[in-house]
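Those protein sequence lines, which keep their order, are chains P and D. Counting from 1, one number per residue, gives the positions in the first sequence under this note's numbering. Counting from 1, one number per residue, gives the positions in the second sequence under this note's numbering.
Quick caveat, the hints were computed from the structure, so don't treat them as lab data. Only true hints are included.
Derived contacts from chain D toward chain P, CB cut-off under 10 Å, selection only:
id	residue
1	L59
2	S180
3	F191
4	A193
5	M207
6	E212
7	R265
8	E270
9	K274
10	M279
11	D281
12	A297
13	R299
C-beta: ideal position from N, C-alpha, C; glycine also.
So the chains spell out like this:
Protein chains: 2
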Amino acid sequence: MARPDPADVARVTCVGAGVIGGGWAAHFLARGYDVTVWDPAPDAEPRLRRLVEAAWPALTQLGLAPGADPARLKVAPTLEEACAEAEFVQESAPEKLELKRDLLARLDAATPPGVVVASSTSGYPMTDMQTTAADPGRLVVGHPFNPPYLIPLVEVVGGERTDPEAVAWAARFYEAAGKSVLTMDRELPGFVANRLQEALWREALHMVANGEATVRDIDASITEGPGLRWAFMGPCLTFALAGGEGGMAHMLDHFGESLKSPWTRLEAPELDRKLYDGMVDGCAEAAAGRSHADLVAERDQGVIDVLRATGRLPEPPRRSAG
Amino acid sequence: MARPDPADVARVTCVGAGVIGGGWAAHFLARGYDVTVWDPAPDAEPRLRRLVEAAWPALTQLGLAPGADPARLKVAPTLEEACAEAEFVQESAPEKLELKRDLLARLDAATPPGVVVASSTSGYPMTDMQTTAADPGRLVVGHPFNPPYLIPLVEVVGGERTDPEAVAWAARFYEAAGKSVLTMDRELPGFVANRLQEALWREALHMVANGEATVRDIDASITEGPGLRWAFMGPCLTFALAGGEGGMAHMLDHFGESLKSPWTRLEAPELDRKLYDGMVDGCAEAAAGRSHADLVAERDQGVIDVLRATGRLPEPPRRSAG
Numbered sequence: 001m002a003r004p005d006p007a008d009v010a011r012v013t014c015v016g017a018g019v020i021g022g023g024w025a026a027h028f029l030a031r032g033y034d035v036t037v038w039d040p041a042p043d044a045e046p047r048l049r050r051l052v053e054a055a056w057p058a059l060t061q062l063g064l065a066p067g068a069d070p071a072r073l074k075v076a077p078t079l080e081e082a083c084a085e086a087e088f089v090q091e092s093a094p095e096k097l098e099l100k101r102d103l104l105a106r107l108d109a110a111t112p113p114g115v116v117v118a119s120s121t122s123g124y125p126m127t128d129m130q131t132t133a134a135d136p137g138r139l140v141v142g143h144p145f146n147p148p149y150l151i152p153l154v155e156v157v158g159g160e161r162t163d164p165e166a167v168a169w170a171a172r173f174y175e176a177a178g179k180s181v182l183t184m185d186r187e188l189p190g191f192v193a194n195r196l197q198e199a200l201w202r203e204a205l206h207m208v209a210n211g212e213a214t215v216r217d218i219d220a221s222i223t224e225g226p227g228l229r230w231a232f233m234g235p236c237l238t239f240a241l242a243g244g245e246g247g248m249a250h251m252l253d254h255f256g257e258s259l260k261s262p263w264t265r266l267e268a269p270e271l272d273r274k275l276y277d278g279m280v281d282g283c284a285e286a287a288a289g290r291s292h293a294d295l296v297a298e299r300d301q302g303v304i305d306v307l308r309a310t311g312r313l314p315e316p317p318r319r320s321a322g
Numbered sequence: 001m002a003r004p005d006p007a008d009v010a011r012v013t014c015v016g017a018g019v020i021g022g023g024w025a026a027h028f029l030a031r032g033y034d035v036t037v038w039d040p041a042p043d044a045e046p047r048l049r050r051l052v053e054a055a056w057p058a059l060t061q062l063g064l065a066p067g068a069d070p071a072r073l074k075v076a077p078t079l080e081e082a083c084a085e086a087e088f089v090q091e092s093a094p095e096k097l098e099l100k101r102d103l104l105a106r107l108d109a110a111t112p113p114g115v116v117v118a119s120s121t122s123g124y125p126m127t128d129m130q131t132t133a134a135d136p137g138r139l140v141v142g143h144p145f146n147p148p149y150l151i152p153l154v155e156v157v158g159g160e161r162t163d164p165e166a167v168a169w170a171a172r173f174y175e176a177a178g179k180s181v182l183t184m185d186r187e188l189p190g191f192v193a194n195r196l197q198e199a200l201w202r203e204a205l206h207m208v209a210n211g212e213a214t215v216r217d218i219d220a221s222i223t224e225g226p227g228l229r230w231a232f233m234g235p236c237l238t239f240a241l242a243g244g245e246g247g248m249a250h251m252l253d254h255f256g257e258s259l260k261s262p263w264t265r266l267e268a269p270e271l272d273r274k275l276y277d278g279m280v281d282g283c284a285e286a287a288a289g290r291s292h293a294d295l296v297a298e299r300d301q302g303v304i305d306v307l308r309a310t311g312r313l314p315e316p317p318r319r320s321a322g
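With these hints in hand, go ahead and build the complete structure from the sequences.
This is the structure we're talking about:
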């Protein structure tokens with residue numbers, strides 16, 4: 001078993017060098033890893049190097065790990081050579097189940113025993129992808145957001161045949177690599193963030209399909225509206241604040257009826273006692289002792305800071321140093 | 001007809017002083033209006049004054065209009081007195097159709113002829129709310145986001161019996177009052193932003209109802225994930241970037257199949273040629289001449305700035321002034 005301590009990993013292999021795989025490579029390079037990439041596309045290497053080059057100024061601002069260097073990027077001619085010395089493998093192939101299944105079996109065969117192999121899949125359950133691998137126990141999902149070098153979230157979950165220790169190892173590894181990890185204890189198609197994002201996306205597609213809104217309207221309605229809050233306060237806590245001092249309970253009392261309105265193509269669940277309590281208690285837990293006034297002040301300052309950061313509000317005058 | 005030029009409005013009446021109505025009052029005060037409020041709740045006034053007081057530091061940071069002063073807030077004892085001299089009325093009563101219908105008829109009766117009366121409704125079509133008013137032509141929807149004093153978006157739309165000039169007037173008034181206006185040419189339950197937001201919200205409720213994710217997971221999955229991008233780049237343009245240099249067309253080619261996956265409870269529309277072209281052309285229009293590289297650089301800088309603004313990345317060292 002060649003599974004190193006998660007914090008000691010030095011060599012990472014990225015399989016697939018498209019937007020996501022290339023983004024992972026850029027992230028790992030910036031965190032100071034040796035990164036080996038394999039991608040079967042003939043133009044993969046120049047595209048990858050362009051991507052890393054374009055990302056590097058952002059990564060420099062984010063703060064490079066000691067020794068981080070784009071020169072530590074190596075492109076391997078074959079999958080087998082790419083994986084031969086890997087201490088962690090991140091697969092980011094196109095989103096096709098058969099392809100992922102075959103590729104994960106090949107990666108499993110080519111990678112030293114025990115080393116964890118993670119898939120960037122946007123939504124396939126690992127249970128469906130790990131069927132043909134000789135050692136399915138080390139195969140996990142590590143689902144990033146675009147671009148992986150900037151968006152902290154990684155959703156980590158195993159399949160039915162995944163060793164729970166491989167899931168735990170992957171979560172610790174991603175944390176060591178500077179990511180924000182959401183470990184799931186069950187497989188849910190689309191995980192958490194993608195289910196939320198996808199519901200919004202499908203509603204947007206329906207609106208465009210029916211001529212109800214344009215791409216511009218949709219984008220503006222988010223960036224000028226709820227998107228400003230979601231950068232720092234999630235939809236649940238945000239809606240709890242819409243309930244005023246009465247919080248989520250008051251919000252559900254007030255807007256519960258609207259769940260029956262056709263505000264989206266998505267049918268709402270029954271707002272029974274259990275769900276009501278789950279939301280109210282969940283928001284209390286998420287508030288973690290912050291009062292309504294604390295949360296309002298935090299949200300207000302957050303929106304102002306985001307408006308300022310995105311150039312929609314001038315910077316405050318700096319006080320002279322005297 | 002007592003409808004002033006939108007830029008000349010000096011006196012605004014807010015009916016309902018809960019979280020939304022009170023937030024509107026705070027916004028209008030900060031923009032330098034005289035604001036009269038009416039709310040039937042016995043504790044409305046102290047609650048309202050607390051809200052305005054709590055919002056004022058944020059409003060000061062946003063930049064107060066000349067003469068803006070919380071002392072210009074007046075609470076009227078009756079609806080009739082509140083509306084008698086109004087040049088614009090914003091209704092923010094609880095979200096109940098019958099109540100809104102009756103209230104709008106009363107507001108119409110109490111407000112000088114021609115003055116526009118807007119409803120903050122989160123999703124009722126004005127057509128359903130304007131049925132009993134004597135002059136339905138001046139009734140429009142002006143749907144804000146919480147808190148109305150911070151989130152720029154207002155969705156403006158009329159009902160079947162609304163005078164299109166009242167809609168156009170409201171849009172110009174809100175712009176003069178510092179809002180970002182999305183004018184809709186048809187009634188869509190939930191408008192645009194709320195349909196998108198509500199789809200996400202219902203998916204979240206389903207997940208909590210089924211024990212698939214906690215409130216904390218849901219909130220973190222947004223603030224650590226897609227929420228960071230949505231503060232400045234909408235879901236369409238964001239997804240266009242996920243298509244790499246091939247943009248939205250490549251993204252749809254690549255992920256189109258996933259629309260059939262059960263990633264959300266919301267069924268996707270058929271990705272036919274018309275929708276495909278609508279998304280690709282819409283994104284090209286939204287990009288407004290910016291190249292893929294421009295958009296990537298903009299997104300990267302945006303995420304970094306938002307991470308910094310929300311305290312998740314240290315400020316860069318300031319250069320000494322020498």
